[in-house]
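> As a plain string of letters, each chain reads:
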Amino acid sequence: MLVFNTHSKGLKVNFLKYISHFFKYYNFSVICFLYALNPKNYNPASRQVLIKQIYYVALEILPVFIMLSIVFGTIIMGFIVSLALQYNLKEYIGQLIVKFILVEMLPFALALIVSFRTGLRIGAKTSIMKVNNELNSLKMFDIDIVTYLVMPKAIGNLLGFLSLIFLSSVIMIISGYLFLFLSIGMDFNLFLSTIISAITPKDIFLYVIKSIIYGFVIVTIPSYDGLIIKKRYYKIPLALSKTVTSLFIFILIVEALSLVVEFL
Amino acid sequence: MENNFAIVSEDTPLLVDLDTNENISLILEYHYKYSIDNATEYTNELLKKCGYLHLAQKRPFELNKKDKLIIRYLRAYVSPKEKIAIIKPFSMLNHVDDLSYLEELVDILNEKKMQIVDTTMHKYYKENRCPIKK
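If you read the protein sequences in the order shown, they are chains A and B.
Taking our numbering, the leading residue of the first sequence gets 1, the next gets one more, and so forth.
Taking our numbering, the leading residue of the second sequence gets 1001, the next gets one more, and so forth.
Worth flagging that the hints you see were computed from the coordinates, not collected in a lab.
Incorrect hints may appear among the rest.
Partial pick of chain A residues on the chain B-facing surface, computed with a CB cut under 7 angstroms [stated by the list, open to error]:
1. Ser20
2. Asn38
3. Pro39
4. Tyr42
5. Pro44
6. Asn133
7. Glu134
8. Asn136
9. Met140
10. Ile143
11. Asn189
With a Cα cut of at most 20 angstroms, we get these calculated PhoX-like pairs of lysine-lysine [unchecked claim]:
12. B:Lys1065 to B:Lys1033
13. A:Lys139 to A:Lys231
14. B:Lys1033 to A:Lys40
15. A:Lys231 to A:Lys125
16. A:Lys17 to A:Lys242
17. B:Lys1033 to A:Lys52
18. A:Lys242 to A:Lys231
19. B:Lys1123 to A:Lys139
20. B:Lys1068 to B:Lys1033
21. B:Lys1068 to B:Lys1049
22. A:Lys125 to A:Lys139
23. B:Lys1068 to A:Lys139
24. B:Lys1088 to B:Lys1113
25. A:Lys235 to A:Lys17
26. A:Lys139 to B:Lys1033
The C-beta atom is built at its ideal place from N, Cα and C for all residues, glycine as well.
Sequences and hints are given; from them, build the entire structure.
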């Protein structure tokens, strides 16, 4: 009984620690967002970081990303479309593509890819800079870490994420049309009007707001974890592990909230 | 001390993901709002004047300890701070080195005062005493 009580107390403390940590993530992200709104915080150094981040997120993997979007887009769209045709849901194909694939599945999949690729990279880099005293160098020369390191990367990541999601949406829609054309010979204009008529303002709102949130937070959460670690090299893998877990939980929470909003 | 002095010490390393030119240009771009091209050009001119242009494209891991100290000094030189303080320079170098090349830089650049702060004796310091040297 004593062991169980100690264990449950430990779980309760860990749970409260997690909640408090998420509030700290939220505060940090809001601070970064407010910094981003002030034009005085942009200078040639931060602009260079922003441009580099757009390159890392969107341009560096563009050929591979296009290829993957075509392959997986065709498979997934083909599956959805053939399922819809099988169950005689032809008139709902537009809504399935818009609500299920473009608004829900695509941001989720892209958030996971960008988290593991960019988020971990930023977390590792920030942690190493902290342990190596490079952040101390910046502080010594009165270079604000948020305006130089975090905020431009967050904005750059946001812009890169928006570009990638828009590009993959276009590829998915074209893949969907090709499948419909090959299976039932659907006219392109009819297909396009089906998609457009299925789009509601709520869908556009969720599509854009989720992309903005993911693009921004995929930088702020790893950056925060990197900034707060103690100056020990063995803490870096622990910080990265925490970052991955936090990002994944955050993405799931956003997806759940988006579903709630969708069905309101 | 930090308010008036640009500190050069083991606790202020160069940024490893930037090359020499970018490490120095960062200060110009951030504080003086130099464009990237202008900052790069200014830094190259500075390195050329000091005789270290060959280090411009090198990353910190490609530099030896002496070169790192020089680049840290030049980074401190371009900062808005009035003076430069080098804290325990021989802990950043091979201990047999002297600092005459730094004195040469001070003579070439001739704009900011440099102070060395140390807690160990070294033959470079006159009378081997714990110095605060101008």
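> Are the hints correct? Go through all of them and say.
Verification of the supplied hints:
1. Restraint check, serine 20 of chain A versus chain B: the minimum CB separation of about 31 angstroms is more than 7 angstroms; hint violated.
2. A hinted interface residue such as asparagine 38 of chain A counts as satisfied when its beta carbon comes closer than 7 angstroms to some beta carbon of chain B; here the least separation is about 15 angstroms, so the hint is violated.
3. The beta carbon of proline 39 of chain A is not positioned within 7 angstroms of any beta carbon in chain B (closest approach about 13 angstroms), and the interface hint is therefore violated.
4. Evaluation of the tyrosine 42 of chain A hint against chain B yields a violated restraint, the C-beta minimum of about 10 angstroms exceeding 7 angstroms.
5. The interface hint given for proline 44 of chain A is met, as the beta carbon of that residue sits about 4 angstroms from the closest beta carbon of chain B, less than 7 angstroms.
6. Below 7 angstroms, beta-carbon pairs count as interface contacts, and asparagine 133 of chain A has one with chain B at about 5 angstroms; its hint therefore holds.
7. Checking glutamate 134 of chain A against chain B by beta carbon gives a least distance of about 5 angstroms; that is within 7 angstroms, so the hint holds.
8. Satisfaction of the interface hint for asparagine 136 of chain A is found here, the shortest Cβ-Cβ separation to chain B being roughly 5 angstroms, below the 7 angstroms cut-off.
9. About 5 angstroms separates the beta-carbon of methionine 140 of chain A from the nearest beta-carbon of chain B, less than 7 angstroms, and the hint is met.
10. The restraint placing isoleucine 143 of chain A at the interface with chain B holds, with a minimum CB-CB distance near 5 angstroms, inside the 7 angstroms limit.
11. Taking 7 angstroms as the C-beta cut-off, the interface hint given for asparagine 189 of chain A is violated, the closest approach to chain B being about 47 angstroms.
12. Among the hinted pairs, lysine 1065 of chain B with lysine 1033 of chain B is inconsistent with the structure: their alpha-carbon atoms are about 30 angstroms apart, more than 20 angstroms.
13. Proximity of lysine 139 of chain A to lysine 231 of chain A is assessed by CA-CA distance (about 16 angstroms); at most 20 angstroms being required, the pair is judged to hold.
14. Under the criterion of a C-alpha separation no larger than 20 angstroms, the hint pairing lysine 1033 of chain B with lysine 40 of chain A is consistent with the structure, at around 11 angstroms.
15. As the CA atoms of lysine 231 of chain A and lysine 125 of chain A are separated by approximately 14 angstroms, the hinted pair is consistent with the 20 angstroms bound.
16. Using a Cα cut-off of 20 angstroms, the hinted pair lysine 17 of chain A and lysine 242 of chain A holds, with the two alpha carbons roughly 12 angstroms apart.
17. Proposed proximity of lysine 1033 of chain B and lysine 52 of chain A is supported: the alpha carbons are some 18 angstroms apart, at most 20 angstroms.
18. In summary, the hint linking lysine 242 of chain A to lysine 231 of chain A is supported, as the alpha carbons are separated by about 16 angstroms, within the 20 angstroms threshold.
19. Proximity of lysine 1123 of chain B to lysine 139 of chain A is assessed by CA-CA distance (about 33 angstroms); at most 20 angstroms being required, the pair is judged violated.
20. As the CA atoms of lysine 1068 of chain B and lysine 1033 of chain B are separated by approximately 25 angstroms, the hinted pair breaks the 20 angstroms bound.
21. Proximity of lysine 1068 of chain B to lysine 1049 of chain B is assessed by CA-CA distance (about 17 angstroms); at most 20 angstroms being required, the pair is judged to hold.
22. At most 20 angstroms may separate the alpha-carbon atoms for a hinted pair to count; lysine 125 of chain A and lysine 139 of chain A meet this at roughly 17 angstroms.
23. A hinted pair counts as satisfied when its Cα atoms are at most 20 angstroms apart, and lysine 1068 of chain B with lysine 139 of chain A qualifies at roughly 19 angstroms.
24. Taking the CA atoms of lysine 1088 of chain B and lysine 1113 of chain B, the gap is about 17 angstroms. The hint holds against a cut of 20 angstroms.
25. Of the pairs offered as hints, the one joining lysine 235 of chain A and lysine 17 of chain A holds, with about 18 angstroms between alpha carbons and a cut-off of 20 angstroms not exceeded.
26. Between the alpha carbons of lysine 139 of chain A and lysine 1033 of chain B the distance comes to roughly 18 angstroms, so the proposed pair stays at or under 20 angstroms and holds.
In this structure, the earlier hints numbered 1, 2, 3, 4, 11, 12, 19, 20 are contradicted, and the remaining ones agree with it.
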